Structure formats: structure tokens, C-alpha cells
Amino acid sequence: MTAATADERGPVTTLATPIALDFDFTPGVAQSRFLRGLEQGKFMGQRCSVCGKVYVPSRGTCPTDGVPTTEDVELSNSGTVTTFCVVNVPFAGQSIEIPYIAAQVLLDGANLSFMGLIQELPATEVRMGLRVEAVWVPEDELAPSLASVRYFRPNGEPDADYETYKEYL
Amino acid sequence: MSAARAVRPVSVASFAQAQNVRRDDQRNEVEGLLPVIAEAFGAIGITKDDVDFICSGSTDYLVGGPFSFVMALDAVGVWPPRSESHVEMDGAWALYEAWVLLQEGKVDAALVYSFGRSSLGDLNEILTLQLDPYTMAPLWPDIVSLNALQARALIDAGKATEADFAAVASRSRRDALANPKAQVAGDIPVETLLEDEYVVAPLRRHALPPITDGAAAIVLAAGDKATRWSERPAWITGFDHRIETHALGARDLTASPSTAKAGEVAGVAAGPVDLAEIHAPFAHQELIVREALGLDGTVTVNPSGGALAANPIMSAGLIRIGEAASRIAAGQADRAVAHATSGPCLQQNLVCVLEGA
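Going line by line, the protein sequences match chains L and F.
Quick note, the first sequence lines up with residues 8 to 176 if you use the numbering used here.
Quick note, the second sequence lines up with residues 95 to 451 if you use the numbering used here.
In isolation and in its complexed conformation, chain L is listed as follows (with noise of 0.2 Å):
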């Protein structure tokens, strides 16, 4: 056998070596006054104080000032949908039926869409523009967490006009 041939069992391909870290995760003064929000069933977000965007969640600055943002600002529970889409793709570990609808969501008052789920309503019928509202687990079950908001529906009022957010698609 020379250096530049492998023996009989030709080349090593594979070499699993397995790997696992664990770490704690530190939300910040400003995300977590977020998550605390949603533990009691309200959005929370911030104002920059240069540019007076509301940013929700906030993670406490500016990301286009670079300054800290200390307005708390509690926001609607209703919004309007920007843009979204609609999922068919199935994957494990999947808790909700096909087709579904994942969305950005423009909160009454907030200059940062977030991703929601829409339900409620068929997927076919689902438009830019359409006025959502958040719909929170039951009050025992609120907790720190995004899964506080079991979903959005549409909250029975027109649709909003494309340039109250054209600028937040």
C-alpha cells in the first residue's frame, strides 16, 4: 500500500461524532418585560426616542438609531395582516393540519411585524390587508412565551388600506 491509496476497505466517508450543548439563554431587560407581557395576555413592545418607532418584541435598542429604548408601549390586540403564506408542506413534530396559514402581523400601533398563525378563516380567503386579532390560550395556561397566542382571526373589520402598511412588507 502506498500514502496516496487507500487499503482494500476503500476510503473512510463517514465519522460520526456526536455533539451536544446546552445553554441558558438570557432574554434581556427589554425581551423580557415582552415575555412578561404575554404571561398576561398583552403585547408589549418599545419606543425609540430619536425616530419613535415602536419595536415589539424590542431588544431594547434602536437597531436604526443605536440607542436604548425605554417607552414601554403596550400594544392592540388587533393587526393587520402584511404578507403571508400558505403552508401544505407536512414535517414531523407538526401540531397543526394542512393547509394552515403563517403570517406577518402589523399590531395597531407597532412599526415590526411578527410571524402569527391564522386560523378561523379558509386558507383561500386569506388577503393582505385582513384585520386580525389575537386569540390567547386560556388564562391558567398563559405563560413567558409565544405559545401564549394560540393564533389570529379576523376581527370583523374591513380590510385595512395598503398604505397604512405598504411599509412593512
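These are computed hints drawn from the structure, not numbers from a lab.
The hints are all genuine.
Only part of the chain F face toward chain L is listed, based on derived beta-carbon distances under 8 Å:
#1 120
#2 122
#3 219
Pairwise CB distance ranges (calculated):
#4 L:31 <-> F:177: 29 to 35 Å
#5 F:291 <-> L:24: 30 to 36 Å
#6 F:113 <-> L:175: 33 to 39 Å
#7 F:199 <-> L:48: 55 to 61 Å
#8 L:101 <-> F:113: 42 to 48 Å
#9 F:226 <-> L:101: 37 to 43 Å
#10 F:451 <-> L:90: 53 to 59 Å
#11 L:43 <-> F:229: 45 to 51 Å
All values reported here derive from a predicted model rather than from experimental measurement.
The beta carbon of each residue, even a glycine, is placed where N, CA and C say it ideally should be.
Once you have looked at the hints, place chain F on chain L.
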């Protein structure tokens, strides 16, 4: 200036670091960085709009979150869109990248920052993952044991004793008493330290660094900005970094040829050295680096207390440069050497020579 090669004068115009603590369980990485960057800017009366380039050093392995370095940019505010870069290394290497960009002469100022959150996971496991993933990491040799091998080699070669390690630790933590940002400080004599239990022989507790959460930021400046932002600029007159093989068994662990080469190229020997900030997380490593840099007993080493007083991983090297520059800016030194290390047992080393006007 006596650099080994022609360089565009670039100064460390400002330096700030977080209070080094065992565990910051209140603030996330962005919240920890915000006041540090604000202090670095505020100290010289500038804003984010006065820097042309941003470079950071950190590793996602420490916080266990992907793209933590991207989210950290929220602490700067990147609007209008900025020219930015990141190295998965200590912030000292981020500083090197920024310095190289400034050498090109197209921009005159850069912000360099790094956050080191060492407390969120198990460092012995995390740092094992920097080893060869096929033949070394699966054995899970922890970082303390690897450094104990290095310390043992040093003793067996007759180059140092356990008392020498204790002397480094004693001096470092005594000096740290004057460093308000230090995490571990105290005036404990060598004889008392030698009564410590071994963690991994021959390393006793005092020869190990603390586990530290921290962050640091530096503003680099060239041209008019350098002289406008500093009364006494700390000029970088030599800068180099070198790496050795991954294979620990192929190295002489009692010496650091990469440090020696980096020091040679950076021009350490081209003039007298008043002080050196050496990034030696384990006490014995200071002895190896001192020798590699050719520093004699007249050189003040680690007046800040060094990494034995606070070791925010990924920031501790950048802090060495900041500490050395601060002493030049304050007129306490005319010529200083800052060193940073990365990888197991001093695998990779960076040397920065700083000079006053």
C-alpha cells in the same frame, strides 16, 4: 516611528469596556454592548455617523444562538446602511481587519467591538469544539486539561515552576485592584496561592482565568480624525498575527514561535518597551509569551491584571490593546506591546505595537 514596515499611522482613539462579571443574567448581548459603544463614542465626542466601517469579533458558540453577531449590530444602529464585517475570533482580529482597511487609505475611522458571554454554556465543552473535529474533539479533551499539559511540559523542560505560575497570578490580581473593571482582584502572596488545590495538576485554581461576561469597543482613527480625537494619540506602529498547526502533538508547547514571528514583523524589538498587555488566560502562558516577545524584567506586564483578572472570551484580546493604548494616551507609557491569543494552548497569536507621539 520605528515600525518594521511602512504603515499608515492609525491610532486607537477611544476604548471602553463593560464591567466584567461572572454572570450578567439581566441584559442580552445587545443591551450589554449599548453602553460600551456609547462610552467609546462619547469619550471623544463622536457618533456612529463619524465612523466609516464597523468590525466585530465574537462567536455564536458562546451564546448558543445563530447569527448573534448580526443581532449585535442593533447596538450600533446601521442606518443608513453601513459597511460592516465580522470575524469569528477575538475582537483583536476584528481590529486587525479594520486596521488593514484603514491602511488602504479610503476611510479614516472604524468602530471595532466584541462581546464575550462566557457564562451561558459549559466552556470546557464549547472550547473543545475548536479542536480537530475528527481525531481530537471526539475525545473531549477539555481546555483546562490541555493547558495543564502545556504547563507540565514547561515544568518538565525546566523553564518554569509552579511557584512561577503563582507569581504571575499573585501579581496580576494585585494589579487588578487598581482596575475598576476587573472581576477578580486581591493581594494574595505566592506562598498562600501555592496552598490552593489543583484543578488539573500542575494547574491550581489561581492559574486559571475566571469565567467572565463582558464586552469591549475601540475606535480606530487615521488622518485628521486621529489628531482631532486624541490629545495624545496611541499610534499603531506595528501589527501582525501568526498561526501554528492544529495538531498539538506537532508543536513544542513550551515555546510560541507564532508569537515570536508576529513580534518580529510588528517590530517589537525596534525600540524600548515600557509595558506589555499579554493575553494569557492561563498563568503559565504569560511566561511563554514574554519569552517569545523577548521582554525582559524592565517591562511592566499586565498592569490591568490581564486575563487572570477578567476573561470575557472573544473580548479579552481586544481589551489588551485598549488597556495598552489607554496608558499611552494617559502619558504613562511611550511604547507598548499588546498581545492576543486564540485557539488551544496559544495556537494563534497577534502582536500590536503602540507608540505615543
